[in-house]
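Q: Letter by letter, the chains look like this.
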Amino acid sequence: MRSIVLTKGVPDFSEGAVSFDDEGHLERGKTPTVMNPNDHFALEAALQTRVRHGGHVSGMSMGPPSYSSVLEEAMDYIYSDDSYLLSDRALAASDTWATAITLSAAIEKYQEEVADVDVLFAGFKTADGETGHTGPQTAWCLEWPIVTHVVALDIDPEARQLRAKRLVEGDVDEIETVEAPLPCVVIPDPEFSPTYRKASHRLEHKRLRAATQERAADHEAYLTTWDHEDMRLDPEYIGLDGSPTIVSSVDPIPKAPSERDATMVDPTDDAQMTPVLEELQPFAAGD
Amino acid sequence: MPTSDGEYEHYEALVVGCGPGGAAAAARLADHGIETLVLERGTAAGSKNVSGGLIYAEDSAPYTIDDLFPNFREAAAERPVTEYEIHNIAGNKVKTFDLTDLHEHDTDWCDAVLRRHMDSWLEGRVHELTSETGGGVLTDVRVNGLLRENGEIVGVTCDELDPITADLIVAADGVNSELARDAGLMDWEEPDEWFQGVKAVVEMDPDVINDRFDLEPDEGVAHLFSGDLFEDVRGGGFLYTNEDTLSIGTVFHLDSLVAEQAEPHQLLDALLTHPLLSQWLGDDYRELEYGAKLVPDSKKVAHREPYRDRLVLVGDAAGQMQAQGPIIKGMNHAVTAGALAADAYMLTRGNADPESPGRRYTTMLEQSGTMGKLRPRRYELSSTVGEHGLVTRVSEGVLNSPVGSVAVGNPIAKRLLAKAYNSPFLVGMLPDTETGYTTLPTIIGEQHGRTVHWENEVEPPSLEERIGDLTYDTDVGNPHIRLQDNSYEASGAAVYACPVSAEDFGGGCYRSETVKTNGSEETLVSLDTQPCVECGTCAIVADTEWEHPRGGKGVEFRQG
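Just so you know, the sequences run in chain order L and V.
Be aware that the first sequence starts at 1, since it is given in the numbering used here, and climbs by one per residue.
Be aware that the second sequence starts at 1, since it is given in the numbering used here, and climbs by one per residue.
Only chain L is shown next, with the shape it has when bound in the complex (with noise of 0.2 Å):
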């Protein structure tokens, strides 16, 4: 099995690290960059179908020479072989449309030149751009199937036939079990974990383990970065020239008013506690 996995740095909006103006736009410079957090579930699809299948995992990622990061931190969570940034000032400014072409260009070169795919990997939508829509719009590029939503996947290598179950609109309540072919694009959702009943299976984990670390200390020698030119991509159908969305205006996002007002109460003063517990006697005990 060969699977790719599409991956996205994104600032870390986590709280100490992100960075906001008075005006509340983000500031990018002063925020570091971390890997899309959904995309942890698409990384962790993608070792899953490695321990089970065997097989080689590329991770792929397309920004600024600095995403080699993220797909440094790919191969350590997910033991991948290799890292493709696809990086080049020309795809700059790239909405999920122009993004979508430039991906399925370099997933068309990496099938001619490196190896068929059998599986592509990717997050549920990026924590920046929200949109949800570069998986799909990849998977119509390459005119492969895809499933989204995934929360549990088990891929018949000899058929060439996947089943997963997969959330129905999203929810919990109403989970359905499709079959694709592949190759096939699959989106595993938030709710996706991996499983590993089978004592081979750990065994194997464990051995990618410590061979990921070796890897991941020497990341270099494992990426490759592809340009426009190498994906012979024509610059008018890329990067800001090639995308059609138009952001008409940005609104920061409104701090969320405090909902409770807090009171000191000094618990060695009866005449301040007094009140307190007259409140709360009819919670006590169960009544």
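The set of hints was computed from the structure by calculation and includes no laboratory data.
Misleading hints may appear alongside valid ones.
What the hints assert, rightly or not - Okay, the calculated bits of chain V under chain L, using three or more residues with CB under 8 Å as the criterion:
| # | stretch |
| --- | --- |
| 1 | 131-137 |
| 2 | 152-165 |
To be verified - Taking lysine to aspartate or glutamate and the EDC-like style, the derived pairs with C-alpha atoms no more than 20 Å apart in a straight line are:
| # | chain 1 | residue 1 | chain 2 | residue 2 |
| --- | --- | --- | --- | --- |
| 3 | L | K198 | V | D162 |
| 4 | V | K93 | V | E457 |
| 5 | V | K299 | V | E189 |
| 6 | L | K165 | L | D189 |
| 7 | L | K206 | V | E190 |
| 8 | L | K198 | V | D232 |
| 9 | V | K93 | V | D232 |
| 10 | V | K300 | V | E190 |
| 11 | L | K198 | V | E12 |
| 12 | L | K198 | V | D159 |
| 13 | L | K198 | V | D140 |
| 14 | L | K206 | V | D162 |
| 15 | L | K206 | V | D140 |
| 16 | L | K206 | V | E132 |
| 17 | L | K198 | V | E189 |
Computed from a prediction, not measured in an experiment: that's the story for all the values here.
The beta-carbon is built from N, C-alpha and C at its ideal position, and this holds for glycine as well.
Starting from the structure of chain L, add chain V where the hints point.
A: What follows is chain V alone, placed relative to chain L:
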């Protein structure tokens, strides 16, 4: 890659538990080229293990741990024991005997160890060896029972994995072996078949250790303690020097703990705060870890035929823990047993009878002299008389009388006593009564001892602090122990005998509370498994349904 046996995954050999017994079995199986899978429930080998801390290499043993794992002593052990003393205590009077001769009898070497470090190191070596023959070590996997086909044991079931079949199953899953019980080979019934040990690992700079114990950097000491330090509870204490810590603990007969309603942590504190220990502990006591363990008494429970179908038991799972007087040997016997079980399988490989490895293993335990050490014949002959209540009462009466005390206390006796203590033959006969543990040492202390006037400034942590310092990954909503009968009569003993519970302490596993219903009053026992150290005491002294937590869950010892 393992072959698939019908619907189940199959390995030729399966070892449950990666302590010294499991590690020895797996290493030897791999030596024989046998595909071997090792399943360990801890998050790393050693994270579920506590031991007093001495591992022996006996001259007479067919296998020692450094035979199987070269470089073991340098990489995995702490200090060697180069000096061995026992202190008989009566109040503040202490009489010390040098037991180095006894200690060195049949001993090639003996090192102090800390189990987390030791077992993790073994796990790494075992994984390397077993990987070469198509297997390996998996941690965080709890084997929860035996898989049977037509009534015959063919494999194991696990919490985390689908069932696995094997031609040989080695249960090296410790004193609370769920496999040994599932097979009906061991039980959890009688408190007098068990000891309970508690231990504190105490931080100390290596230079301070060398200075306070008068040691060179490559030397170490073992101190044993007996006498009236623990009132009438039968047992004793120990102190071993590690590289940069001390292991200090107490070991008691479980039936005696129950009978005396003693709190194990308080007995440990009695040792830690005795004036004799102040010279070593100083005023900067810092406890790193509090742990506890149940210890099988091999004289009573070492299984003479530790196998059923293709399952063999090694180490604590088979009751292979030799505790007789001051001699405490467990890990070395587990290593021997594990290696012999592997050899027995190799010698009978291909035999159609699934029990042939077990039978061969039993014979090898006998012929190697291992079973003779675990179940000494001298003990069996003398204990039938010696442990009889009347004999104990009479000998206690004589020793406590002026004539008896003088006899033990006269100057000639002093020389003879040192000799007697150092005689493996006589020590092997010591009956397990109060006479050997308390009365005799107390009289020796009183008659021959010198008074110790040192001020002990150690303030041991409270039980609450000790529990607070331990690391837990609690399996919330899935308690591994269930109380079957919550009456005080059935399960009240757990409130004091459990090492992480105490009367009038609400933060432990077991608590007693008085409940008033319809005018009558009764005392009930309740259980919260969160602070559990998985020693198994309550499985014996209370009415419980006892299992281990799932793989990787529960307590995680960092020292062990």
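Q: Next step is simple, just say for each hint if it's right about the structure.
A: Outcome of the hint check:
no.: 1; hint: 131-137; verdict: holds (count 3)
no.: 2; hint: 152-165; verdict: holds (count 4)
no.: 3; hint: K198/L with D162/V; verdict: 6 Å, holds
no.: 4; hint: K93/V with E457/V; verdict: 18 Å, holds
no.: 5; hint: K299/V with E189/V; verdict: 16 Å, holds
no.: 6; hint: K165/L with D189/L; verdict: 10 Å, holds
no.: 7; hint: K206/L with E190/V; verdict: 42 Å, violated
no.: 8; hint: K198/L with D232/V; verdict: 52 Å, violated
no.: 9; hint: K93/V with D232/V; verdict: 17 Å, holds
no.: 10; hint: K300/V with E190/V; verdict: 10 Å, holds
no.: 11; hint: K198/L with E12/V; verdict: 15 Å, holds
no.: 12; hint: K198/L with D159/V; verdict: 12 Å, holds
no.: 13; hint: K198/L with D140/V; verdict: 13 Å, holds
no.: 14; hint: K206/L with D162/V; verdict: 18 Å, holds
no.: 15; hint: K206/L with D140/V; verdict: 12 Å, holds
no.: 16; hint: K206/L with E132/V; verdict: 14 Å, holds
no.: 17; hint: K198/L with E189/V; verdict: 35 Å, violated
Violated hints, listed in ascending order, are 7, 8 and 17; each of the other numbered hints is respected by the structure.
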